[in-house]
Amino acid sequence: MSNDMKMVNDLLTIRELSTGYSVSGGERKVLHSNLNFKIGKGEFVAVLGPNGAGKSTLLKTIYGIQPAVYGDIIIKGKNINVMSSREVARSVALVLTDKISDKYLKSIDIVSTGRYPYGSFMGSTTKKDREIIQYALEVVGAEGFSQRYFHSLSDGEKQKVLLARAIAQDTPLILLDEPAAFIDSPGKVVIMSLLSQFVNEFKKSVLLTSHDIELALNYAQTVWLLGKDNKFYHGNPGDLVSNGLINSLFDNPEVTFNRNSKRFEPVSGN
Amino acid sequence: MKVKTTGKIVFMILPILIIVLFLSNLWYGSVNISLDDVWKSIFSFGERGETSNIIIRQYRLPQAVTALSVGMGLSVAGLLLQTTFNNPLAGPSVLGISAGSSLGVALLVLLGGFAGLEIGNDISFMGDMAIVIAALTGAIAVLLIIIFISGRVGSAVTVLIIGIMIGYLVSAIVGTLQFFSNSEDLHTFILWGLGSFSKTTITQSTSIFVVTLVICIFSLIFIRPLNALLLGYKYAVGSGYNVKLLQSVLILISGILIALGTAFTGPIAFIGLAVPHISRSIFKSSNHSILLPAVILLGGALSLFCNLVSKLPGYDASLPINAVTSMIGAPIVIWVIINGRRLSYE
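Top line first, the protein sequences correspond to chains A and B.
Counting from 3, one number per residue, gives the positions in the first sequence under this note's numbering.
Counting from 120, one number per residue, gives the positions in the second sequence under this note's numbering.
Just so you know, these hints were derived from the structure itself, not from any lab.
One thing to keep in mind: the hints can contain errors.
[Claimed, not checked] Calculated pairs, DSS-like style, for lysine-lysine (alpha carbon to alpha carbon, straight line, at most 27 Å): (1) A/Lys264 with A/Lys78; (2) A/Lys129 with B/Lys403; (3) B/Lys127 with A/Lys78; (4) B/Lys127 with A/Lys130; (5) A/Lys31 with B/Lys353; (6) A/Lys105 with B/Lys159; (7) A/Lys205 with A/Lys31; (8) A/Lys230 with B/Lys353; (9) B/Lys430 with B/Lys159; (10) A/Lys130 with B/Lys353.
[To be verified] If you only want the chain B side, here are some residues facing chain A, beta carbon under 7 Å, derived: (11) Gly351; (12) Tyr360; (13) Lys363; (14) Ile401; (15) Pro450.
[Stated by the list, open to error] Away from chain A, derived, C-beta distances all over 10 Å, residues of chain B: (16) Thr170; (17) Ile280; (18) Leu349; (19) Tyr354; (20) Val362.
Just so we're clear, the structure is a prediction, and the values are computed from it rather than from any experiment.
A virtual CB, placed ideally from N, CA and C, is assigned to each residue, including glycine.
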């Protein structure tokens, strides 16, 4: 009984989840199996792992873009299988690495799509929508380039616009795939600080993937480590560093993760 | 702000431009008719038997109405396909959809010949319907193949190349059919395949106009989902749409618009591909709340303009409409490719 109650309070519950994709010939390649975890309100989770460990696949599976091989994904007590795309879109916002190639889309056009899950199919943008869009642009500091074409922006500015879109979507959970991947170092800090603000001030939950361990460990409250060969660990950053799990996952003999500096360093420094 | 006002002005000019081009189409032709007679004829003050009245009402009016309707329909179809496939080079003729329509009509006209039917000579309502249905079946068949392939192959370019190959394949089948058919059926089909706005009666052209207009207005309800599709498949799902279903509906609408035009006029090249690009560069926007109405108006205007140009030689014969649309459309496609390449190097 208490278990059921708790499930409703958790924002996202993953039960016995197996992720993977189908390869040619109808076969399925399973990347991870029997994953169990929960995300509560206002939690900042980073999914870390080497390239090819299945981070993006996990993210896509949680959103339902990629079908789960097995298991349940439950958002606010409801299984994602029985939710409409619209219902999911009102609970979870996406920030992806997919390129938006159109040349004549303005930043504000992109942020506006964040309001689509709330309007009717053919509805126009309401006054309330416009206020929320304006607010979202201000929160991330993108109001200065809201009328510029998205493709003409720098990678950092683009990411701000996509964050504004997620804020406009007004969801309790935001999923982000490599949000700082193509951005210069100061820009990365800006993006990660904004995400911290979303978590601390707006009590949103954030789940992001990253291969930048140093960066993620500085911001995330919880870390999920995805390794190749179905390895999965989760815990708070401090524990994962001190028990050496981070090192074991990225088994590269030439570098080691320094627990004190939270940095990878060469092994054979004299 | 500046772009916005320019856009507004263009939106006000376009309907006027359409009216002017429409009247020019009625006025200009191999027989000289005064503007006064055009006027009289439109508002049926002219005497029924008058030559000018007959020329305008039976030849020029249906031709202008057909040009306007098909221009609107193909342009909307082109825009929907470009957004749905996320591919700037998608269009009725490029993806082999027009070729599919041709195959449908070829099967009907040429194989009908073997069965003793004379579809080509049959100008009855049933004959029209048969050609429309044949064109639609062919268009949808090709579209289904393309949907099937694009579900498997992600790359837009791959889908495009396959579309072009399907076009060749279909043309080969049509060619083989032509080889085995009798000269009368062949004549009918070849005439149809050249493309022309001038083969419709006033009843047919009015029907095409009404149906096209209804579908074009209906397509306006997809403004938001179309905008979401511009961000790519995943973001469209993330905006709360059932994208697979949405894509199927949009493709079906495009198929109907293409088939409707193609059935009566033969395949018309490049309009559907070029008009969305012209609209984007005039209005500097990809937002479908601007683009969709723009494409409807501009498609009608460009098509009327092409029809007017095709009459330019002045004597009995007019230029083939496809020669005119290709001369205007092909450079635009080249421009799009060069422009796109420069962007990807930036």
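Here is what the structure says about each hint:
no. : hint                   : in the structure
1   : A/Lys264 with A/Lys78  : violated (34 Å)
2   : A/Lys129 with B/Lys403 : holds (24 Å)
3   : B/Lys127 with A/Lys78  : violated (46 Å)
4   : B/Lys127 with A/Lys130 : holds (25 Å)
5   : A/Lys31 with B/Lys353  : holds (21 Å)
6   : A/Lys105 with B/Lys159 : violated (48 Å)
7   : A/Lys205 with A/Lys31  : violated (36 Å)
8   : A/Lys230 with B/Lys353 : holds (25 Å)
9   : B/Lys430 with B/Lys159 : holds (22 Å)
10  : A/Lys130 with B/Lys353 : holds (26 Å)
11  : Gly351                 : holds (5 Å)
12  : Tyr360                 : holds (6 Å)
13  : Lys363                 : violated (10 Å)
14  : Ile401                 : violated (11 Å)
15  : Pro450                 : violated (19 Å)
16  : Thr170                 : holds (49 Å)
17  : Ile280                 : holds (18 Å)
18  : Leu349                 : violated (5 Å)
19  : Tyr354                 : violated (7 Å)
20  : Val362                 : violated (8 Å)
Going through the hint list in order, the structure does not satisfy hints 1, 3, 6, 7, 13, 14, 15, 18, 19 and 20.
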